[in-house]
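J.: Taking the hints into account, I'd like the entire structure generated from these sequences.
Chains as they are written, first to last, in our numbering: chain A, 193 to 272; chain B, 410 to 678.
Hints were generated in silico from the structure; no laboratory data involved.
Mixed in with the good hints there might be a few duds.
[What the hints assert, rightly or not] Subject to a maximum C-alpha distance of 25 Å in a straight line, what follows is the list of computed DMTMM-like cross-link-like pairs (lysine to aspartate or glutamate):
hint, chain 1, residue 1, chain 2, residue 2
1, B, K548, A, E243
2, B, K666, B, D436
3, B, K572, A, E249
4, B, K594, B, E653
5, A, K212, B, E609
6, B, K473, A, D195
7, B, K548, A, E249
8, B, K425, B, D481
9, B, K548, A, D201
10, B, K594, A, E249
11, B, K666, A, D223
Residues per chain are reported as follows:
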Amino acid sequence: MTDSKKTLDEILNLAAAQFKVPREKLTPDDDFFKTLGIDSLQALDLLTRLEHHFNVELPDYELQGVSDFRTLASRIQARL
Amino acid sequence: MKMNQFKGQTLSWELKDGVIELALHRDPCNEIGSLTLEELEKFTSALERMQSDAHALILYSTLKSGFCAGADLRELYRGAQGMERQAAARGVREFLERIHKVMNAIDSSPLTTIAALNGITFGGGFELALVCDLIVADKMARFCFPELRLGLIPGFGGIPRLKRDLGNAVVRDLLLTGRSFHATKAQQVGLVSQVVGEGESLRAARGTAAQLGKFDRATAMATKKFIKPIPYEELKQEIVIFCELFTRPAVETGLKKFVESKDAQPYLP
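T.: What follows is the structure in structure tokens.
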């Protein structure tokens, strides 16, 4: 597995576990707001968990407009 | 009457074993509007009478969503609707002067004050945490001053207290980019004194408060006065700048956008 794929996979696993969605229902191009059924406060919760998990700092403005797992993974990968 | 216990609609407090615990519990995330302000004023009046029997004060939220998401922007927007801008600004000034009085009372309290944080600690919530002597945060706490996106500056005393407590790089980053950061980063920059596991901040704050009870109060009070001066002049200046900015049309547009937003990310700067 490449680093990018590994990052994406870890994000999907973390999101599935945190928001209690079956992992197999999540795909890289899903809109995570819709698929996970989360609001802005929960999105911040997810952001915090991802920062801790990957030990990175993700300024909010880098995620402006990002709503799918694949793009999210690429933004995280760029900071690893 | 000391009023050692109170249960209100937005907050409650209790004095027990020398520790006052102030719990915030207004859904969805302890937004500070006129009712919270009234109850906070009630609290600071009671605090004056209770503090001779206490050595510590803990502020915390009972809500999972977070400590406090800041000012109640929906109430602010509704209140300003249909009002001439200068009249709306006068109302805002009065609100700010009252909340500053509350913040200054907690900041200058002879007790050692601890903010026990979880989740969202934004805007006015961040400012409430900044009046405390110690900040204990669970690792999911998140800090931000999102006022920039409304065309405003923080108005509950945030800027002078940030400048008092933190270095320029982080103060400017927070205030000029409107970004948020988590508890670990907050500890790295000197804002938070302890980071604990999720849901553990109140327990850790209680442990700290118990430790504080072992020391001589007069020494603790003298130390606090020496290391934590209150920037009164800058606090007054902040109100003036906030009210000047508030009269601009851009602020009404920003508030309207926030209040009417169906965006999934209204809290994201």
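J.: Check each numbered hint from earlier against the structure, then list the numbers of those it violates in ascending order.
T.: Violated hints (numbers, rising): 4, 6 and 8; every other hint is consistent with the structure.
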